[in-house]
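There are 2 protein chains.
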Amino acid sequence: MSFLDRIALCRRWDPAAYRPFVIAGRRMGRVRHEVARRLSDFPRVFEVGEDAVVLNPVLGDADSRSRAVEEALRPLAEAGELGGRWRREAYPVVQRWGEAPLMIIDRGLVPDLGLRAFGVHLNGLVEGPEGLQVWVARRSKDRPSAPGKLDHIVAGGQPHGIGVRDNLAKECAEEASIPAELAARAVAVGALSYRCERPEGLRDDVLFCFDLTLPPEFVPNNTDGEVDEFFLWPVERAIEAVRDTDDFKFNVNLVILHLMLRRGLLNPDDPDYQAVVEGLWLGD
Amino acid sequence: MSFLDRIALCRRWDPAAYRPFVIAGRRMGRVRHEVARRLSDFPRVFEVGEDAVVLNPVLGDADSRSRAVEEALRPLAEAGELGGRWRREAYPVVQRWGEAPLMIIDRGLVPDLGLRAFGVHLNGLVEGPEGLQVWVARRSKDRPSAPGKLDHIVAGGQPHGIGVRDNLAKECAEEASIPAELAARAVAVGALSYRCERPEGLRDDVLFCFDLTLPPEFVPNNTDGEVDEFFLWPVERAIEAVRDTDDFKFNVNLVILHLMLRRGLLNPDDPDYQAVVEGLWLGD
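Line by line, the protein sequences give chains A and B. Those letters in the first sequence? Residues 11 to 294, by my numbering. Those letters in the second sequence? Residues 11 to 294, by my numbering.
Note that these hints are calculated values from the structure, not bench results. Certain hints may be false.
Since copy identity is lost for identical chains, a pair holds within one copy or between any two.
With a cut-off of at most 20 angstroms between alpha-carbon atoms, the simulated SDA-like pairs for lysine to any residue come out as follows [stated by the list, open to error]:
hint : residue 1 : residue 2
1    : Lys180    : Gly274
2    : Lys159    : Ala251
3    : Lys159    : Asp256
Start from the sequences and build out the full structure, keeping to the hints where you can.
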């Protein structure tokens with residue numbers, strides 16, 4: 011089935027093109043060889059070897075690491091010389107959400123260094139006599155990332171300094187005008203992970219997934235310019251789009267597969283069932 | 011948190027005590043060194059080397075493999091000389107449910123050869139004004155496996171030759187007298203896997219998980235002698251038992267953690283959240 015093609019797309023990267031990025035003795039990211047060569051311009055920050063890029067151990071705490079990396083790389087990012095733009099959003103450098111961060115870094119540098127990032131995705135659902143329906147957004151054609159692609163009603167990055175649920179509520183307000191009391195009914199339903207090459211660099215993401223059953227009369231309204239239109243689709247139509255097309259943004263496919271697994275929309279006797287389960291979590 | 015202790019228990023085995031069991035060029039199982047020595051009594055069936063036990067490649071199809079292995083090992087199993095009893099239940103030898111089996115083998119031999127097995131577990135739920143409740147079974151004290159432990163209302167092995175859903179319906183009838191029309195409402199909610207040493211040998215299992223919301227007036231009734239009593243517990247009590255005790259059968263803990271993840275009963279901001287997600291699937 012082509013569900014597995016969507017998973018494969020979220021695992022497509024070439025390990026031979028990268029070397030580990032090590033902080034405090036731990037591999038926290040992966041750096042393309044050509045990026046590593048750029049980093050060798052900053053020997054007091056990055057110790058660039060053939061086999062690894064090591065953050066200078068002299069930088070002994072999160073504050074000094076964060077400052078040194080920003081000082082070195084912000085000018086490059088702002089000049090457009092790296093894969094990412096400077097985003098003015100602080101991300102923690104951790105392997106697991108909730109750990110003490112080894113440093114804080116701008117979101118725009120995360121894919122250049124192949125660091126793990128976190129996000130929230132919300133399935134906006136309507137359950138009624140016609141069966142399960144799902145709200146689908148079409149991303150604005152002028153977005154730098156995935157223009158025109160189908161998306162969740164609410165999805166966003168998970169910055170440092172705000173809890174997952176509070177971040178979800180914030181995104182609910184910005185992306186779909188979902189009021190706080192409605193957003194509070196969202197149910198945390200698990201997490202998934204993937205690692206793949208994207209135009210901005212290596213994405214190594216964990217997505218926290220939520221289901222929110224919306225009242226039938228609720229209509230989402232985007233306020234941050236990210237969305238052109240919203241559709242309310244029978245879940246079967248979204249499943250067909252996942253199976254047969256690349257219309258959804260790459261990672262949204264995984265969240266819909268996760269929904270399908272949880273809601274009995276895939277049959278355990280399907281020979282690909284186990285591959286879908288396995289495909290929703292990628293270890294180190 | 012001690013949720014992670016329950017996961018660790020389901021991953022406890024010593025790789026150094028085993029060598030691979032290879033069929034048709036694929037590692038399909040793992041055999042303890044002392045079991046390997048027993049298998050060397052059957053050189054026309056098992057090619058026992060220091061690094062692996064290989065099923066004789068002369069046995070070129072599933073039928074001939076199945077017959078040869080039964081002929082060699084059934085007498086040992088029936089004489090109680092292996093970890094497992096002879097169960098008279100046919101299991102398929104596959105890595106993923108739904109693949110063409112490399113052979114068919116009695117369930118009792120599966121842990122001795124460290125082969126992958128499959129099972130079904132059903133969360134029997136009651137949803138009402140008092141919140142979510144879950145039916146819990148206490149296993150008979152005279153069961154050979156996990157006597158007296160807390161269990162799901164319905165759980166069982168997944169034999170060859172019957173679909174997952176049909177097997178679930180059969181177990182629903184036998185273990186809890188759940189009628190077919192009620193069992194048909196069970197929702198497939200995913201799968202989990204683990205690998206650990208148990209008294210019977212190495213368990214390398216994939217469990218298909220189901221949720222069934224039962225009418226409040228339904229009371230389960232066991233007909234196969236596996237269960238002594240049933241309790242209807244607030245889900246919080248089951249969660250406490252998973253967190254604080256070893257009262258549940260080892261693998262039931264994982265299915266309850268899987269339920270917790272799906273139902274918003276774990277907080278994504280908990281630093282152990284990701285470890286729980288990761289802990290519910292174990293790759294090869």
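My question is about Lys159 and Asp256: at a cut-off of 20 angstroms on alpha-carbon distance, are they close within one copy, between copies, both, or neither? The answer is within: 8 angstroms in one copy meets 20 angstroms, while 48 angstroms across copies does not.
What label fits Lys159 with Ala251 when the C-alpha limit is 20 angstroms: within, between, both, or neither? Cα proximity of Lys159 and Ala251: one copy only (11 angstroms, versus 45 angstroms across).
Under a CA distance limit of 20 angstroms, which applies to Lys180 and Gly274: within one copy, between copies, both, or neither? Between copies only: 19 angstroms across chains, 30 angstroms inside a chain, cut-off 20 angstroms.
Hint check: no violations occur; every hint is consistent with the structure.
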